[in-house]
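S.K.: So you can see what is in the structure, the chains are spelled out below.
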Amino acid sequence: MQVSLSDICKTFLIDGAPVKVVDDISLTLERGVFASVVGTSGCGKSTLLQLLAGYYPPDSGQIITEGSICLLPQDDLLLPWRTVIDNAAIAAEIHGSDVADARHRAVELLPLFGLEGFGNSLPSQLSGGMRQRAALLRTYIAAGDFWLLDEPFGKLDALTREAMQHWLKQVWYTLGVGVLFVTHDIDEAVLLSQRIYVMSPRPGRIIATVEVAPNIDDVDRLELKKQIKSLL
Amino acid sequence: MRNIVYPSIGILLLLLVWQLVAAAVGMPWLLPTPQSVVTALIDNANLLAHHSIYTIVEALIGLAAATGIACLIAFVMALIPLVRKICYPLLLISQMIPIIVMAPLFLIWFGYGMLPKILVVVLICFFPIAINMIVGLSAADEQMLLFYKSLGASRGQLLRLIRLPLALPYFFSGMRIAAAYSIMGAVIGEWLGAQSGLGLLLTRAQRAFDLPLVLAAIVVIVLLSCMLFAIINLLEKKFSPVF
Ligand SMILES: Nc1ncnc2c1ncn2[C@@H]1O[C@H](COP(=O)(O)OP(=O)(O)O)[C@@H](O)[C@H]1O
Ligand SMILES: [Mg+2]
Chain A
1 MQVSLSDICK TFLIDGAPVK VVDDISLTLE RGVFASVVGT SGCGKSTLLQ
51 LLAGYYPPDS GQIITEGSIC LLPQDDLLLP WRTVIDNAAI AAEIHGSDVA
101 DARHRAVELL PLFGLEGFGN SLPSQLSGGM RQRAALLRTY IAAGDFWLLD
151 EPFGKLDALT REAMQHWLKQ VWYTLGVGVL FVTHDIDEAV LLSQRIYVMS
201 PRPGRIIATV EVAPNIDDVD RLELKKQIKS LL
Chain B
1 MRNIVYPSIG ILLLLLVWQL VAAAVGMPWL LPTPQSVVTA LIDNANLLAH
51 HSIYTIVEAL IGLAAATGIA CLIAFVMALI PLVRKICYPL LLISQMIPII
101 VMAPLFLIWF GYGMLPKILV VVLICFFPIA INMIVGLSAA DEQMLLFYKS
151 LGASRGQLLR LIRLPLALPY FFSGMRIAAA YSIMGAVIGE WLGAQSGLGL
201 LLTRAQRAFD LPLVLAAIVV IVLLSCMLFA IINLLEKKFS PVF
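Chains A and B are the protein sequences, given in the same order. Mapped onto the numbering used here, the consecutive letters of the first sequence carry residue numbers 1 to 232. Mapped onto the numbering used here, the consecutive letters of the second sequence carry residue numbers 1 to 243.
FYI, nobody ran anything at the bench for these hints, they're computed from the structure. Since we're looking at a predicted model, the values are computed, not measured. Ideal placement from N, C-alpha and C gives every residue a C-beta, glycine not left out. Accuracy of the hints is not assured; some may be wrong.
[Claimed, not checked] Where chain B lies over chain A, by a calculated footprint (3+ residues, C-beta under 8 Å): (1) 72-83; (2) 89-101.
[As the list claims (entries may be wrong)] Dumping the calculated DSS-like pairs for lysine-lysine here, alpha-carbon to alpha-carbon at most 30 Å: (3) A/20 <-> A/226; (4) A/155 <-> B/149; (5) B/149 <-> B/85; (6) B/149 <-> A/20; (7) A/169 <-> A/155; (8) A/155 <-> A/229; (9) A/226 <-> A/155; (10) A/225 <-> A/169; (11) B/149 <-> A/169.
Please construct the entire structure, taking both the sequences and the accompanying hints into account.
M.R.: Here you go:
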């Protein structure tokens, strides 16, 4: 099962002038594979994910999606008047599918998502890390195949972020989903990913694809980070 | 508790100053003491109750009609940008016409019954509700709507799941203002010609130089307005989402 993009371009009008934000990007996501996109802020990473999520069509190029796909936006966009469970099950409500079943699945997944006992809490009662996990639960209930994660840990403090990185890696491994993880943090990308796409500043294009060996040692990892940094 | 304590201090201070000034002036037919107003309230309780009922009915019917009209206007204007552009100036103009000038016209057109009073209430009350609802229905940001649309939500679902819950607090702030004004609206309508109502009682008491009764009627108007305000607050607590 895979999602493939070929030759995707997107231009936005910024202050009346057309600006190419995504330039001729091709990549393939596979279920069970953790891939990252690193790039400086403003290079078009969010736009790339939003194209994949179907916010708007690309100007040119083709996106072929097998299976289900869902975005976790940069701001989690949880509905503040809905409980964790009600937020998690919202996709079922929208699709008109079995809401009771979706809620039941959400309840069963609470422990894996570190939200046990918080199913009936409102988002405002959760910590930053818990909010992200609740939003990820919503993503999983909406789509079991591919996750598009837009800087999910960007607003967390360093300690929470580290814990969340390890947690995400474990959840990804347990559920076997395909992930496209967007970040501007090279360390984070190298820690989590099997494959890293390096994106250039605007117009965003992919200037390198780096594979991270599963048994990489510390020396090689440092070397890899240096290599990516020099590209950016 | 504090919610009650501080406003009470303010009101008691006002009454105290009033009592002292009235006693110092010593002309109760010009400036009645709070005490004589209380006496007037008790002596005329039946009369005040009789006229209050008319005023309350006019205010409530007017408020209900205003709410319906305001919501309708707000929905159409918030959801159809073209209508919004065309109608927004008209909405503003409707509030620039002095009510005190419109009320006699209503009287000429619709007679001395309840209808012209209700129309004055509607004219005063629909505006704060409509304006707040338009802002509330437009409060959802673009990113939020795009995201839920990408989950497959239709326009109707976006309205029901996101825009309406977001608009409710705005709706209630509009309702609070409208409720507080509604009694006053009915009184203005009655002031210019009526068969019953607090506005009529006010004009009669004024012509008879019965100042304690005038002030007693004003106290009743204030109390009724506060009551409606409180009811809206209760409804908001019950129906508006907490977050
Ligand atoms: N809907 C839009 N309309 C116009 N310009 C946009 C829109 N979305 C993004 N942009 C612009 O595209 C550029 C890239 O944005 P984004 O994809 O959010 O970057 P990143 O996520 O890498 O920080 C920015 O300059 C931004 O202002
Ligand atoms: Mg971004």
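S.K.: So which of the earlier hints does this model not fit?
M.R.: none
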